[in-house]
Amino acid sequence: MQTQRDFIKVCERIQGRGYPAYKDCRGEYQCDGYVFSVDHVQGDPFAAPSDVSVRVPNSFEKESWEVRHRRIALEDTLLRIFYEALKNDPYKGRGSGKSGVIYVSRPQQEVMERSACHIDEKEITIRFHIGFPANGRRVLSDELIKIVCNYLPEMILNNLIAGNLSMKNLERVREAISLADNQHALREAMKKLDLVAFVADGAILPRKSGISQSPMRDAVPFISPESLSVEIPVPHGKPIKGMGIKKGITLIIGGGYHGKSTLLEALERGVYDHIAHDGREYVLCDESAVKSRAEDGRSIENDNIEAFIRDLPGDKSTRAFSSEDASGSTSQAAGVSEALEADAKVLLFDEDTSAANFMVRDALMQKVVHPDHEPITPLVYRISQLFERAGVSTILVAGSSGAFFEQADLVLQMDHYIPMDVTARAKEMALAFPYLCSPERKLAPERFFTSRVPLPLASLRSDRVKIKSQGLDAIVLDREPLDVRLVEQLVDPEQLPTLGAMVLYAHRHLIDGKRTLKEVADRLEERIDSEGLRVLGKRDFCRVRKQEFMGVMNRYRSQRMKQKS
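Under the numbering used here, residue 593 is the last one in the sequence shown; the count climbs by one each step, no gaps.
The hints are simulated quantities; they were obtained by calculation from the structure and are not laboratory data.
Given the structure is predicted, the values throughout are model-derived calculations rather than measurements.
Warning: the hint list may mix true and false statements.
[What the hints assert, rightly or not] If you anchor each label on the Cβ, the simulated ranges turn out as follows:
hint, residue 1, residue 2, range
1, Asp222, Pro118, 47 to 57 Å
2, Pro249, Lys196, 42 to 52 Å
3, Asn116, Gly191, 28 to 38 Å
4, Pro267, Lys51, 54 to 64 Å
5, Phe74, Pro267, 31 to 41 Å
6, Gly44, Arg513, 46 to 56 Å
7, Arg551, Val504, 23 to 33 Å
8, Gly191, Asp511, 47 to 57 Å
9, Asp222, Gly191, 41 to 51 Å
Each residue gets a CB set at the ideal place from its N, CA and C atoms; glycine is no exception.
Work out the full structure, taking the sequences as your base and the hints as a guide.
This is the structure in structure tokens:
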């Protein structure tokens, strides 16, 4: 392997030459205590900075990383420490364009597996980016030598070697691993207790603002109703007490601005673990849970939505329904079908973002419009069948309709951000308002979804396909924008290029016109589990669930599907 001295020689040789000469720097270099690697060199000083990585010996005790949840917690914490070190002591150099810019992936409030930091038995790898310095469009490699040989060694050795960490950062590592242990223990206990969600007493659910996921100051801490309070032992500290929501049908009701949607939003993000001091560290939801909502205008491809919609005008089939411009109700029906196809065991609904005619149909409307003239069977008719026949629980926010009271297993009323168990009172009062339902609509559907097979797309097998992403709004795949703004459980901008790369990988290695979409998703998850996110490519990637991968495949307008025969 080349040494740091070899790197300096290359830099001295190319000083002042045209910018492409920087490509001579590619390769690995043994430095004092670590290996520095130039993985990809930017095309010019104004392009995205070059990709580099460092590998240091893994000096952390085996018990801190040998279990998956601990490894991810340690990777996440070291990445945060390295990010903060770069931010707090930025390199100050000279040059044009993006010269001297140094950055690494910035983790959000969630703890997630990322390609930017990876730990194995021997090494810790950090991948980051450097804007190789330039004078105009000429190599300014004496400045790069300062970055690599003077600035980076201290950053690397002081923030990635266990024995060199400050006391503050050592404590952060211990706290993160202990928290991960507790979160893992809670999730395991939830399965044994038949809980689909858990909210710890003292949790802070409201966020700082609509554009910040930091906790709100002076927010009301969560207090569980006594009837729903459970206490769960954890490996570190005292048992954690909080509200347990059992499998079944749960309604969250209450006046406006009292915290209904805030609780649901915390639960929908509870499929991920959160960092210490976030306020939602112990707000956990079944990891397969999917938020359902109306998505006017989305495309649908051969979905079986007959459980909710049938007998359309013109005898259009809803057993294999397709549309380039779905309505609110058809899009939500398709979303439920697709969520079940993706193994979701919990569905989350908010009345505010759902199609009204998909949710309920009041008594007067049933009398005015005869059932024979209404193709929609609303959720209120199917919600019990979803649980009894498909084992799918529901957590639903309702503020204007009491139609679900009769079927609910639990009714929570939010009052000034404090939940109250009002199940008995709500069900008693519901007896005076029986919900009308035509006999034929009470019959359970034959199935809630039909497995589908994605068809290969030759265009995505080309090596020239480019992936672009726009925050949390869209993925651009082979120049086609894929709108994901309403896939609400995407929480990190790096998840979007990851999804784009997963779609490409699936088409190049897994989609054969025979495997179902779920089989493709399961195999892809297995490969990422065994080989890591780098199997997808060399970008900054962040782990996503198969539910989001399948959701993106379902919204990709060029993707054709056939139903499994």
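Hint check:
1. Asp222 x Pro118: 47 to 57 Å: Taking Cβ atoms as reference, Asp222 and Pro118 lie about 51 Å apart, which means the hint holds.
2. Pro249 x Lys196: 42 to 52 Å: The hinted range 42 to 52 Å is violated for Pro249 and Lys196, with Cβ atoms some 26 Å apart.
3. Asn116 x Gly191: 28 to 38 Å: Given range 28 to 38 Å: violated, Cβ gap about 21 Å.
4. Pro267 x Lys51: 54 to 64 Å: Hint holds: Cβ distance 58 Å, inside 54 to 64 Å.
5. Phe74 x Pro267: 31 to 41 Å: Since the Cβ atoms of Phe74 and Pro267 sit about 56 Å apart, the hinted range of 31 to 41 Å is violated.
6. Gly44 x Arg513: 46 to 56 Å: holds (47 Å)
7. Arg551 x Val504: 23 to 33 Å: With a Cβ separation near 25 Å, Arg551 and Val504 satisfy 23 to 33 Å, so the hint holds.
8. Gly191 x Asp511: 47 to 57 Å: Because 48 Å falls inside the window, the suggested range holds.
9. Asp222 x Gly191: 41 to 51 Å: Check passed, 45 Å falls within 41 to 51 Å.
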